[in-house]
Amino acid sequence: MPELTATADLMSPLNLFLQADVVVKAVMLGLLLASVWTWAIIFTHSIRLRQINRGTDKFESDFWATNDIDAFYSHRGTDRLPIAAVMSAALDEWRRSTKTKQVDRAGTRERLASRMNAAVATELDRLSDRLNILATVGSVAPFVGLFGTVWGIMRSFTAIAGANNTSLAVVAPGIAEALFATAIGLFAAIPAVIAYNRLTHGLDRLEAKLSRFADRFHATLSRELEVEVATGH
Amino acid sequence: MRMDRAEKVGTGAALLFHVALIGAMSMSLAHINSTPEPPAMEVELVEEVGLTAAAPQQVVVPPPPSQAPEMGEAEPVEAVAPPPPTPRPTPAPVVKPVPPRAAPPKPSPVVKPAPPRTAPPKPTPRVSRIGDDFLKGISDDKLAPRAGPAPKPAAATVSASAMAGIVQAIRRQVQPCADRQVNPGEGASRIKVRMRLQLTRSGRLRAPPQVIGTSGVDDENARYEERVKDLAVATFVGCAPLVGLPPELYETESGRGWSDFIMNYNLP
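Protein chains in written order, with full-length UniProt numbering: chain A, 1 to 233; chain B, 1 to 268.
Keep in mind that the hints are not guaranteed to be accurate.
To be verified - Subject to a maximum C-alpha distance of 25 Å in a straight line, what follows is the list of computed DMTMM-like cross-link-like pairs (lysine to aspartate or glutamate):
| # | chain 1 | residue 1 | chain 2 | residue 2 |
| --- | --- | --- | --- | --- |
| 1 | A | Lys209 | A | Asp104 |
| 2 | A | Lys99 | A | Asp70 |
| 3 | B | Lys229 | B | Glu186 |
| 4 | B | Lys8 | B | Glu42 |
| 5 | A | Lys58 | A | Glu226 |
| 6 | A | Lys209 | B | Asp219 |
| 7 | A | Lys99 | A | Glu110 |
| 8 | A | Lys99 | A | Glu207 |
| 9 | A | Lys209 | A | Glu224 |
| 10 | B | Lys229 | B | Asp219 |
| 11 | A | Lys58 | B | Asp4 |
| 12 | A | Lys209 | A | Asp79 |
| 13 | B | Lys8 | A | Asp68 |
| 14 | B | Lys192 | B | Asp260 |
| 15 | B | Lys8 | A | Asp70 |
| 16 | A | Lys209 | A | Asp68 |
| 17 | A | Lys58 | B | Glu7 |
| 18 | B | Lys8 | A | Asp125 |
As the list claims (entries may be wrong) - Which chain B residues stay away from chain A? Per the calculated CB distances, all over 12 Å, these:
| # | residue |
| --- | --- |
| 19 | Ala6 |
| 20 | Glu7 |
| 21 | His18 |
| 22 | Ile22 |
| 23 | Ser26 |
| 24 | Glu42 |
| 25 | Arg196 |
| 26 | Ser202 |
| 27 | Gly238 |
| 28 | Leu245 |
| 29 | Ile262 |
No lab work stands behind these hints, which were simulated from the structure alone.
In this text the structure is predicted, and so the values were computed from the model without any measurement.
Each residue gets a CB set at the ideal place from its N, CA and C atoms; glycine is no exception.
From just these sequences and the hints, can you work out the full model?
Quick look at the structure:
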């Protein structure tokens, strides 16, 4: 064990890391990587979710304002938005179903509904990717940190036994560096849990929004189907 | 491409955030104001340290056995204990064959054990109240002086402080004689003479003081060495009866004590 003096930079994270045992070092590094990853996911998903929400609102208002759905579809249908994908799926199904002379209205309605539901599910599935990592980090990181702490404290107690000295100067640095592992674990876990709840809530709202849009669009298409059949398309 | 950009931005931001945090903690956030150390305490090194226990050893004297007659009732154990060996074995074989053969004698086993129990106490005098000779123990004790140990137990050893006290006492008594000596010449006062004093309990010299050795002799004062030795002997002989020394430290179990004592002497 290196000679340690109680100076101010003893508490700097770099020193705490460098003085730690190999196992504790590995724990710290892993937790730091988990923290970086967590924050990367948080930033990425927050940015995405905000963009998608803004885009969806604009898309929806534009969509209901337009008179020519076909033109709107050819113009905006390729937008990288979940709502655009839902609309594309519905129109695609509509075109395929009404291509034939004999239109099965009930079957078309059913197919439209299932296609739109599938599109919503696909989009949400794509968006909620990696949120499980947040959940995992949030629940496991404290334990990993605790493991590092327990290991470090065991090691520092062994050092005490070796030094035959229980003065605070011998005990304190080892315990401080061990507790640093738990600190990193909590540092990674707390934002992960908060972000997981927040992002899940945001995705739930987005899903509700998409479902509402799908239902509304489905009602419109359904009505259109009756009109077109009535006019004998 | 937009999604990928969001991912890149997010990862970059996370990395930057962590680097900035660690940097900030290393630079200033984690600084702890160390409290100034308290001023060091003054410590005096004491040379007179008793490394061994100097307390007088307790002499355990067993109390003399009581010779006075016992007061109160005779102990019941003594009364009951003697009878079993003789009377019991005999009645048992006699009584046991009797009840099975003759049915009626129920009271007989009750009555028969009774006599042996009541009979033995009678011969021993139960009345042991205060007798005529109740002063026997006391008078005996007074007449015959105890063959006990010395009234004052010898100390186990002489503690350093006690030794220093003895040296002081001897030096004080010898001082007048030492002052009378004439310094033979320059440098003679640097000579230190180690003297062995053999004293009796009353403080007299058992033998003339012996010179064990000298120190501090150099070229300048070598010629005064013999003279200083003589002066040292004369000093202790002149003020010989050394009184007031602690009697319990005359001899100790460890062999140290002022019965055979070594002192340093040098001219004033």
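Contradicted hints - numbers only | 1, 4, 5, 6, 8, 13, 15, 19, 20, 21, 22, 23
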